[in-house]
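2 protein chains.
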Amino acid sequence: MTQARVTIVEVGPRDGLQNEAATLPVETKVELIERLGEAGLRIIEAGAFVSPKWIPQMADSGEVLKRLCRRPDVRYPVLVPNERGYADARAAGADEVAVFAAASDTFSRRNVNCSIDESLERFRPVCAQAKTDGVRVRGYISCVLGCPYEGAVPVAAVVRVAESLAAMGCGDVSLGDTIGVGTPGAARALLKAVAASVPMDRLGVHFHDTYGQALANILACLEEGVATIDASVSGLGGCPYAKGASGNVGTEDVAYMLRGLGIETGIDLDRLVDTGIFIARALGRAPASKTAQALAAKR
Amino acid sequence: MTQARVTIVEVGPRDGLQNEAATLPVETKVELIERLGEAGLRIIEAGAFVSPKWIPQMADSGEVLKRLCRRPDVRYPVLVPNERGYADARAAGADEVAVFAAASDTFSRRNVNCSIDESLERFRPVCAQAKTDGVRVRGYISCVLGCPYEGAVPVAAVVRVAESLAAMGCGDVSLGDTIGVGTPGAARALLKAVAASVPMDRLGVHFHDTYGQALANILACLEEGVATIDASVSGLGGCPYAKGASGNVGTEDVAYMLRGLGIETGIDLDRLVDTGIFIARALGRAPASKTAQALAAKR
Chain A
2 MTQARVTIVE VGPRDGLQNE AATLPVETKV ELIERLGEAG LRIIEAGAFV SPKWIPQMAD
62 SGEVLKRLCR RPDVRYPVLV PNERGYADAR AAGADEVAVF AAASDTFSRR NVNCSIDESL
122 ERFRPVCAQA KTDGVRVRGY ISCVLGCPYE GAVPVAAVVR VAESLAAMGC GDVSLGDTIG
182 VGTPGAARAL LKAVAASVPM DRLGVHFHDT YGQALANILA CLEEGVATID ASVSGLGGCP
242 YAKGASGNVG TEDVAYMLRG LGIETGIDLD RLVDTGIFIA RALGRAPASK TAQALAAKR
Chain B
2 MTQARVTIVE VGPRDGLQNE AATLPVETKV ELIERLGEAG LRIIEAGAFV SPKWIPQMAD
62 SGEVLKRLCR RPDVRYPVLV PNERGYADAR AAGADEVAVF AAASDTFSRR NVNCSIDESL
122 ERFRPVCAQA KTDGVRVRGY ISCVLGCPYE GAVPVAAVVR VAESLAAMGC GDVSLGDTIG
182 VGTPGAARAL LKAVAASVPM DRLGVHFHDT YGQALANILA CLEEGVATID ASVSGLGGCP
242 YAKGASGNVG TEDVAYMLRG LGIETGIDLD RLVDTGIFIA RALGRAPASK TAQALAAKR
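If you're matching them up, the sequences are chains A and B in order. Note that the numbering used here has the first sequence beginning at 2, numbered continuously upward. Note that the numbering used here has the second sequence beginning at 2, numbered continuously upward.
Pulled out of the complex, with its shape left as it was, chain A reads as follows:
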């Protein structure tokens, strides 16, 4: 590995909380985001401007953005599904957004009710407007290593979506193993294939720990050269005690590994663990991150 530094994109307040059963009060979300900033995270996904009918957990994202005491050194992207979401996000003060496509057509239809290509067409005017506004756009691709409906997903399908998102103006593209089925060889091969079209410094990786593979997959991708890793404090996004828990990889575990590898992240691990304990308590459970559990037990 040659990276001296890796950027962790903290997705807990959005991708994490969106997939928790409980809906937390605005104050708790604001405190979570602020504490993450104090712990050294520099990109924190702060919410989503999607239909509250579909994702009630994110209905108050506008309120969260308004109350948030923003640090000048932190970026707070929010998810937007289309032009309307973009307009709402901007009205609420967002200055960075993310769009969300799938590498599997069936998943796309079930998740956002349109084909991959139709979803990409929705993002084109969003990206154009964002460019005019000087707003950064991140592109997420889900199901990059497998789809719950289609099973295996061809690498070429991921490459095609990544190319489209990059071409329409996404500054970086996050490759998401949404159902956590990937293993390190497949993760590495996928990243390598996508990096042949979209430069590595515009790619991120996003693993779920459903099969316990997330950290090994991240290691393989680090070896391949990636320098942006999505993670979710306390493993938000899947309760560890639920059947088939499928949470995001815990930011604490990623930060612990990177520290051990001598790679700088800017994260204060103790503060991060505190933040994970805080949000886990708010959800009424223990942190899903093993590093958080281990460090908390030592106190």
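Hints in this document: simulated from the structure, not taken from any laboratory. Among the hints, erroneous ones may be present.
Any copy will do: because identical chains look the same in the list, a pair fits if it lies in one copy or spans two.
Unchecked claim - Below, in silico cross-link-like pairs of lysine to any residue (SDA-like), each with a Cα-Cα straight-line distance of 25 Å or less: (1) 67 <-> 3; (2) 54 <-> 270; (3) 299 <-> 201; (4) 193 <-> 264; (5) 67 <-> 55.
Could you slot chain B onto chain A? The hints should help.
Same frame as chain A, now just chain B:
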């Protein structure tokens, strides 16, 4: 990675159960070991001949060995701390044993009440007798990447103990990150250093998932060439709900990763998951392995 095949040493019935609070009946242990054999494990640590005062969980290892229906294609090593343990194990029908040293002097004194060198001297006559008897001996080294009392452990200390164990007749040496603090760079560097003295095909790695690093560490060691991996079905050896859980890496998670990497293990993952669910139920909890949780939820 160039390994076409990796041997998983299943340590659940010994290292796992020894570190669980509950003591299970003999029948349950026998069923566990037999089911592991049916699931394709070919080396299954079956018990320990240690003082029942210190480790009551293993007091019935002789009974387990006697009742066990042994498969001709499976090896059933047992742990022995000294000549007396060796004699007891042999009397109970063991035809393969393991000895246990530490890379940290303080840990050795606290754990077995003598220095590293004194413990090695205890193993010398065990190894000599085993050679006479045609009995294989495996050597464990604990604390290879950190000690709960001393903190960092010098690589040279691990190399020295590994060399001693190999020289006195241990056919293979297992490098154990007992407290799970290691990260992939350190794991790889350690393995490489030890492999300069003891051939790689006589080395195994043994990781605990205390900080969630086990699978990433295993990946790094696979890349370095190791072909023997210790694992514990259902992550036996640390309750996932306990504070500071420090269980062994789950055999299911390792098997899932190796299958994804195209590395043969001979394991039937579904049967292994069933076995993990069986033993977790006997302990009154869910399997600690995420692969087991995920596959069980899909059924």
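Self-check item: Hint check, failures only
Solution: Hints 1, 2, 3 contradicted; others consistent.
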